[in-house]
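> Listed here are the chains, written in short residue letters.
There are 2 protein chains.
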Amino acid sequence: MPAGRCDQGACTSPHSRSSPTSEESEMHGMQIIGAETSACGKQTFTAHNPVTGEPLPTCFHEATQAEIHQAALLADEAFDPFRAKAPNGIAAFLFAIADQLQELEQVLIERAHIETGLTVQRLTEEVLRAIHQARLYAQVVREGSWQMPRIDIGLPEAAPQGRPDLRTTLFPLGPVAVFGASSFPISMSVAGTDTISALAAACPVIVKAHPLHPGTSEILGTAISEAARQTAMPSGVFSLIHSTQPEVVRHLVQHPIIRAVAFTGTYQGGRALMEAASNREDPIPVFAEMGSLNPVFVLPEILQERAPKIAEGFVQSITRACGQLCTRPGIMVAFGGKGFDQLIEVVTEHALKAPSQVMLSESIFEACREGTDRIARTPGVLSLTPLTTGNPAEEPPARHRCLTNTCSLFQANAKTFLAQAHLQEDVFGPVAILIRCDTEEELLALARNLSGQLAATVFGTHSDLREFPGVVRELKKRVGRLVYNGFPTDITLGHAIHHGGPYPAAMFPHFSSIGTTAIYRFVRPLCLQDCPEEQLPQELQDSNPRGLWRIVDGSLSRQPLL
Amino acid sequence: MPAGRCDQGACTSPHSRSSPTSEESEMHGMQIIGAETSACGKQTFTAHNPVTGEPLPTCFHEATQAEIHQAALLADEAFDPFRAKAPNGIAAFLFAIADQLQELEQVLIERAHIETGLTVQRLTEEVLRAIHQARLYAQVVREGSWQMPRIDIGLPEAAPQGRPDLRTTLFPLGPVAVFGASSFPISMSVAGTDTISALAAACPVIVKAHPLHPGTSEILGTAISEAARQTAMPSGVFSLIHSTQPEVVRHLVQHPIIRAVAFTGTYQGGRALMEAASNREDPIPVFAEMGSLNPVFVLPEILQERAPKIAEGFVQSITRACGQLCTRPGIMVAFGGKGFDQLIEVVTEHALKAPSQVMLSESIFEACREGTDRIARTPGVLSLTPLTTGNPAEEPPARHRCLTNTCSLFQANAKTFLAQAHLQEDVFGPVAILIRCDTEEELLALARNLSGQLAATVFGTHSDLREFPGVVRELKKRVGRLVYNGFPTDITLGHAIHHGGPYPAAMFPHFSSIGTTAIYRFVRPLCLQDCPEEQLPQELQDSNPRGLWRIVDGSLSRQPLL
Chain A
0 MPAGRCDQGA CTSPHSRSSP TSEESEMHGM QIIGAETSAC GKQTFTAHNP
50 VTGEPLPTCF HEATQAEIHQ AALLADEAFD PFRAKAPNGI AAFLFAIADQ
100 LQELEQVLIE RAHIETGLTV QRLTEEVLRA IHQARLYAQV VREGSWQMPR
150 IDIGLPEAAP QGRPDLRTTL FPLGPVAVFG ASSFPISMSV AGTDTISALA
200 AACPVIVKAH PLHPGTSEIL GTAISEAARQ TAMPSGVFSL IHSTQPEVVR
250 HLVQHPIIRA VAFTGTYQGG RALMEAASNR EDPIPVFAEM GSLNPVFVLP
300 EILQERAPKI AEGFVQSITR ACGQLCTRPG IMVAFGGKGF DQLIEVVTEH
350 ALKAPSQVML SESIFEACRE GTDRIARTPG VLSLTPLTTG NPAEEPPARH
400 RCLTNTCSLF QANAKTFLAQ AHLQEDVFGP VAILIRCDTE EELLALARNL
450 SGQLAATVFG THSDLREFPG VVRELKKRVG RLVYNGFPTD ITLGHAIHHG
500 GPYPAAMFPH FSSIGTTAIY RFVRPLCLQD CPEEQLPQEL QDSNPRGLWR
550 IVDGSLSRQP LL
Chain B
0 MPAGRCDQGA CTSPHSRSSP TSEESEMHGM QIIGAETSAC GKQTFTAHNP
50 VTGEPLPTCF HEATQAEIHQ AALLADEAFD PFRAKAPNGI AAFLFAIADQ
100 LQELEQVLIE RAHIETGLTV QRLTEEVLRA IHQARLYAQV VREGSWQMPR
150 IDIGLPEAAP QGRPDLRTTL FPLGPVAVFG ASSFPISMSV AGTDTISALA
200 AACPVIVKAH PLHPGTSEIL GTAISEAARQ TAMPSGVFSL IHSTQPEVVR
250 HLVQHPIIRA VAFTGTYQGG RALMEAASNR EDPIPVFAEM GSLNPVFVLP
300 EILQERAPKI AEGFVQSITR ACGQLCTRPG IMVAFGGKGF DQLIEVVTEH
350 ALKAPSQVML SESIFEACRE GTDRIARTPG VLSLTPLTTG NPAEEPPARH
400 RCLTNTCSLF QANAKTFLAQ AHLQEDVFGP VAILIRCDTE EELLALARNL
450 SGQLAATVFG THSDLREFPG VVRELKKRVG RLVYNGFPTD ITLGHAIHHG
500 GPYPAAMFPH FSSIGTTAIY RFVRPLCLQD CPEEQLPQEL QDSNPRGLWR
550 IVDGSLSRQP LL
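Chains as they are written, first to last, in numbering that gives the first Met the number 0: chain A, 0 to 561; chain B, 0 to 561.
Just chain A, with the same shape it has in the complex (with noise of 0.2 Å):
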């Protein structure tokens, strides 16, 4: 990857590029902009580790709005090239992808943990579904059935005057500016779900890497990059810039040339960009995905019967990651009684028994602590757990305790939930309300009282689902997924998960931001009124080489037309 002219940054970190680790000896701290890196700002920052509070090697370069705008015309140029490459050169790029992910695996595992805190197995985990969505993707272009074209026969002797043929395929909206998470470092970040499902619909990417992680997203961009220069996509496909200030991300947003936004974050990061995308001359759409309190449920006989086991599970859950994941149960709520007593009790025992873990930053350590300070002073509300920010017998350094984290649990009634609303707002990391009702009422005056979520879990038996109905209405109002005696934490990849919900949740509710769906939001009706057969796309075409399942005068139908 040649260098760009204006390498001028200087770096003002302890360690400047002068005296080089083994990671720094990869990592250059430029944007890459298509083919060429490039370094134009002055301002640079560095990434902490959150277990030592050190800053980490590779000076990161500010992105320049010059810098923005010639990704931004990059991509412009590139998105004709890049849709004619459409299906199987896409697919040739996307498992390219995969290849190099495959390739960097140890490097980017090794990276991403000094940089997140996230531990070695989950990181694993993350490098293989990322791979796996990728190749996933390839597959789902490749074999294209996802378009679903549809074609209405035109009718040329119909009376009165013939009816048109009309034949609608997808097309893709153009460049997309997208923003990883700071909790999935590799499988929603640079190259996660946003940036693979928007490349499979042939739209460009600028990725603005996020700030916690940019050492990780410098692996994965160069990854991107090396598998277009493989398959001779055209340059501007991807971009990456990096930046700490919200004057580039609106900056970004902003830009003429971008037709939409995909974003993992908080619900303020959220409404940012959607405030900035709004206040364009033609506003583009921000499919945000904002997180939620994914409320779990238990009815009266499956609390009876497995209390011990559902309190144990719920513990696992909301301190995987050290609860930093979007699908991390905020409430758990019970019908009072001796079922609701144990669970109480065996919840706090292994919430005692929880190690403590290191948390993303000191930004998201501050907030989790206060959101639980908040939960904690409300009146009504009982801690289960003490009020520690750590667990001194783990020892970590000791300058650098307060990032580390370990379960807070609360109880509170219905009555008590239902009166503070700040007691509904999502707090990132391992904290969680169980919730006691005394009356079906209150149980559904709980649902009822929910904004938009991502996920929410019902334990129930047969029973228990027939005689309480109304918490699976309620919930599936108010919800993009809904799951049965389980919990919400894991997402498998695949065609059927959704992942998004209504606001806010997401900001809209049609689209998905894991699995196969995810694609269509960045595509777009495109209907070609009787257009010659010579000139139709592939999937439109009379003969249908492709063999594509197509909705033909309203059924589905794979053979030629006649």
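Calculated directly from the structure, the hints in this document are not laboratory data. Mixed in with the good hints, there may be bad ones.
Any copy will do: because identical chains look the same in the list, a pair fits if it lies in one copy or spans two.
As a list, the in silico BS3-like pairs of lysine-lysine whose alpha-carbon atoms are at most 30 Å apart [unchecked claim]: (1) K84 / K475; (2) K476 / K84; (3) K337 / K352; (4) K308 / K475; (5) K476 / K308; (6) K337 / K414.
Add chain B to chain A, keeping to what the hints say.
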């Protein structure tokens, strides 16, 4: 339909309810709130006959906040029982709406004619279209494949911890607010695509009647209410309110019960709704179709071959319904030369012969006249038709001559057009500019300069299309529908039509506001994870009792699961 308790409105129009005409005897001028009528508002308004300028019988009561709230509460109450009727109950409801429309055909046409000035022939087509549309949707709902359920079969034995069973169906958003178009008083108004597709999706609907055709709206609203009664739908499934006040629009859009808005109208109207919707605590989508320029590009060879025929078709297209169609072409572009001169000549000839027609209202006429004058005053723009505001030969009633309009045509070269942004604004009426290009670069610059369009047309022979691929390529990036060798004004109902496009033609490029795909605006995916078979909705059950096409592990199948 029983009357509400507060019929206290005092009509101040000369046509008070004490002197009924034949039409008035059928009209009550009240809100239709579920199964009841209501007239709590003291303010009233009347419609006007655009031909005579006179107020029409029946005073319409302005809806109060309390009435809107009542309609919203009923819609919310109706949501669950209405969903439970799907699919056969909803299909029966839609069929009953079609039957009601058929029964009321003559009354509808009569009232719409005096409220809008549109011809009886045009209104007859609209009624037939509305009837056809309701039946088409009934069939789609009954057949069920539109839902395209997705199933990833669970693998409890898969390593390391089993794969969950994921089944995703489409779930209605909830109550929808509909704002109809002034220019399609029947087929895109109270019982138009927005209402019918929302009802088909099992969303209760509250329509705000267009104040230019409140009587037509009342007849249509009564038809839907009667169909709801006949098919035992919950009463809140449909309400119709009247208002001329922007606050009332805002109040409806911002009511917490409303989950989506559908609108057909002007850019300004769409933007106002979008602002109201995004200023909610929980923003909701506004599916606004806001019209566009719908440019026509004529390539050289076909221009030589068919200039007179294209010219004639163009004038027919822009004068249909006095140019009051959202797909009316506002510009036609061709290379200068003999063909272009002939195009100008024949277009002018037909334009001068075009009969004057009455516009929908004084404000629409005024906006058209102002837009026309603005074009005429632009340096470099040549008027091809006399700048009159009516055709004296036809002698409409003197005091109302101002509402009649003939065709206004202009000529400009590409440089002039590109330099004057206001020429690219859509003037709603029989107005168009013919643009002369001198180079292919100019032709492409015109295409690239376009904002999002509902439709565009390219006229070209096979060799034209091969020789000028850039025009089609650039248009595809900017339009929802591309018409080859025809005009965009006719829109066929069906499964493959797409009516929408990139902003500002529509708010979201992903959705259509005409055709059977319009239903997808009002549903969102809902994923059920590990749901017990007996709790699954029919479309997701193993046995596939309705024999639907489903996407099972990524492949289409209508077989039961093994």
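> For each hint given before, does the structure comply? Return the numbers of the non-compliant ones in rising order.
none
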